[in-house]
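Chemist: Here the protein sequences come in this chain order: W and Y.
Position one of the first sequence corresponds to residue 26 (the numbering used here), numbered consecutively onward.
Position one of the second sequence corresponds to residue 18 (the numbering used here), numbered consecutively onward.
By construction, these hints were calculated from the structure, which means they are not laboratory data.
There's no promise every hint is true.
What the hints assert, rightly or not - 16 Å max Cα-Cα, derived EDC-like pairs, lysine to aspartate or glutamate:
{"hint": "1", "chain 1": "W", "residue 1": "Lys460", "chain 2": "Y", "residue 2": "Asp63"}
{"hint": "2", "chain 1": "Y", "residue 1": "Lys182", "chain 2": "W", "residue 2": "Asp47"}
{"hint": "3", "chain 1": "W", "residue 1": "Lys34", "chain 2": "Y", "residue 2": "Asp63"}
{"hint": "4", "chain 1": "W", "residue 1": "Lys96", "chain 2": "W", "residue 2": "Glu402"}
{"hint": "5", "chain 1": "Y", "residue 1": "Lys210", "chain 2": "W", "residue 2": "Asp285"}
{"hint": "6", "chain 1": "Y", "residue 1": "Lys181", "chain 2": "W", "residue 2": "Asp47"}
The structure displayed is predicted, hence computed values, not measured ones.
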Amino acid sequence: MMAKSLFDKLWERHVVVPETGDSPAVLYIDLHLIHEVTSPQAFSVLEERGLAVRRPDRTKATLDHSTPTLKAGADGRLPYATAQAEKQVERLIANTKAHGIELFGIGDPRRGIVHVIGPELGLTQPGKTIVCGDSHTSTHGAFGALAFGIGTTEVGHVLATQCLLQRKPRSMRVTVEGELPPGSGAKDMALAIIAEIGADGGQGYALEFAGSAVRALSMEGRMTLCNMAIEAGARVGMVAPDETTFDWLKGRDRVPADWDAAVSDWRTLPSDEGARFDKEVVLNGSAVAPMITYGVSPDAAAPVTGNAPRAETAEARHAADYMKFAEGRPFTEQAVDRVFIGSCTNSRLSDLREAAAVMRGRTVASGVTALVVPGSEAVRRDAEAEGLHIIFLNAGAEWREPGCSMCIGMNGDIGQPGELVVSTSNRNFIGRQGKGVRTVLAGPATAAASAIAGHIADPRDYLDAAREPEHV
Amino acid sequence: MFEPMRTLTSGTIVLARANIDTDQIIPARYLTTTSREGLGKHAFHDWRYDEAGAPAEDSPLDGPEHKGHAILVAGPNFGCGSSREHAPWALVDFGFRAVVSSDIADIFKSNALKNGLLPVEIDAETHARLLECPGREVTIDLEAGVLTSGNDIEAHFTVEPFAKKCLLEGNDPLGFLTDRMDAITAYEKDHAKEIGA
């Protein structure tokens, strides 16, 4: 029998009608996640055509992008950035009600960023096909699911038919061997991979991340890694399910009732020995340093200890002009105005612990605003139970309500023109965090260290293992 | 829905920068709309308007010399970033019917095809020549998969056959799926164990 990859196995399981020269495959979708921004026009199409939602039971909704991260005011009203943002939220509430779709809405203890709550609730499982009108849907691939972002027209297709028309992409295996050095994490690995293959290096490919450094990552780390697959141009990023996956999922609310049967099926999913990939990339994990970005594309990434490189191309010069990083100067000289710790990339409990380990007993530098936004209500509760919020508040950081917040800046959480923001999010595009804002991507420890230092900082200078633990 | 497309002849607007992401095409603050209409005014908003919201003097899209140009020639990795379909909605509403590049991001390409915006990926050499001459009249023959300009430019491109047929006929792919409801029902029945209840 031909050796198959994880991706091949998941693809084959979900083909309803095989692809031909004339038409793409009809692919079955096990789980459809929706949110307020990319769904309203899809529901409108259904209504125009008189179509029903085929499987409301396989459709789950949350509110995350346009929602405020500040608490309701004295009048009990949430401080929406605009009336239109509030209207968008109301539209999802109405659409889910009309079509019988479960919504984790405002006030629901399960609400959060769509790519945080899917796994948290156990909705995300190995072997599933998962789509969402959001490019960071690749996150769910961390569980050995086939998960990818779609546009709003396709959201309509899935609502109406629970299927998508898809051509099978090519496959690429990214193998990271060795042990990550102390101070380096999954975000650093992701940025190192993107710097290596480029912002379009994964275009047309489904990625599988493999190797001992990937296997050693926690589920949170694997989610961070798969989340960033799209920043290399790949819609899909996956990690084969293993004991780490099963241990993490066990006991969660929506996992299969027959757990043992599910696990024994999931054990058959990893790529077979000898499975063929269209492309192979190999990286040395032990050489991955804490990384930052210095440009306006996620592939402009380098170790934090480096210097701003010479801009060789027109693109690089344009990026350098925007970022105002002087050629040849150390990155750590760059003064920071704002720090954002959150987003579907880095807002889970382990990310917050990593940031708190740096901030504990220290103070955010004068003139720096630091925002910590948990990924979900569950993350918020767990973090508060451990007292992490006290560490952040004592350091002078803000502790907010869950949501996408400054990653996309749709809810009013933005920086001011010219500000330098060190952000644990996924995109350093021009203006993404506010018009004229200069974004530096980094992992949680680097972001926290930069908040304390007031300039871009190496987290290893702040991870003093010998430091006396302080009780909060 | 959109008009069927066979050939398109138009002047070009050139945005040569590489990695033009969806936040450039339409900034996220304009995504709170619940409609598909009227997004053209926000297309490349921050390139076309200054801080105060006044039209930028050096806008690469708004001068009289660009009027009516329906072909956008853009640098490599055009449309990278988010899955927002607001990006092709904005470009179509602005007046574009085709985007030409050496390399167009996957999700953007898929979204564009569903909205009558033709993504044309051509060889790097021809692409570089088109980048150098904004305004040049270009003809795109979708059925033949050929882009020509003057006597000296000819490039071939492919479009996924199903999407191509939909564009040529002005068809909507949703109909293809809804016609297969029986197969979908049979799949759900046969695979109940693998896909869960």
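Chemist: Is the hinted pair Y/Lys181 and W/Asp47 satisfied, with a Cα-Cα distance of at most 16 Å?
Modeler: OK: Y/Lys181 and W/Asp47 at ~10 Å, within 16 Å.
Chemist: Is the straight-line distance between the alpha-carbon of W/Lys34 and that of Y/Asp63 16 Å or less?
Modeler: Answer violated: W/Lys34 to Y/Asp63 is near 44 Å, above 16 Å.
Chemist: Would the pair Y/Lys210 and W/Asp285 pass a check requiring their Cα atoms to be no farther apart than 16 Å?
Modeler: Cα-Cα ~14 Å, so holds.
Chemist: Would the pair Y/Lys182 and W/Asp47 pass a check requiring their Cα atoms to be no farther apart than 16 Å?
Modeler: Roughly 9 Å separates the two Cα atoms, so the pair holds.
Chemist: For the pair supplied as a hint, W/Lys460 and Y/Asp63, confirm whether the alpha-carbon distance does not exceed 16 Å.
Modeler: Distance ~8 Å between W/Lys460 and Y/Asp63 Cα, so the pair holds.
Chemist: Would the pair W/Lys96 and W/Glu402 pass a check requiring their Cα atoms to be no farther apart than 16 Å?
Modeler: Roughly 13 Å separates the two Cα atoms, so the pair holds.
Of the numbered hints stated above, the single one contradicted by the structure is hint 3.
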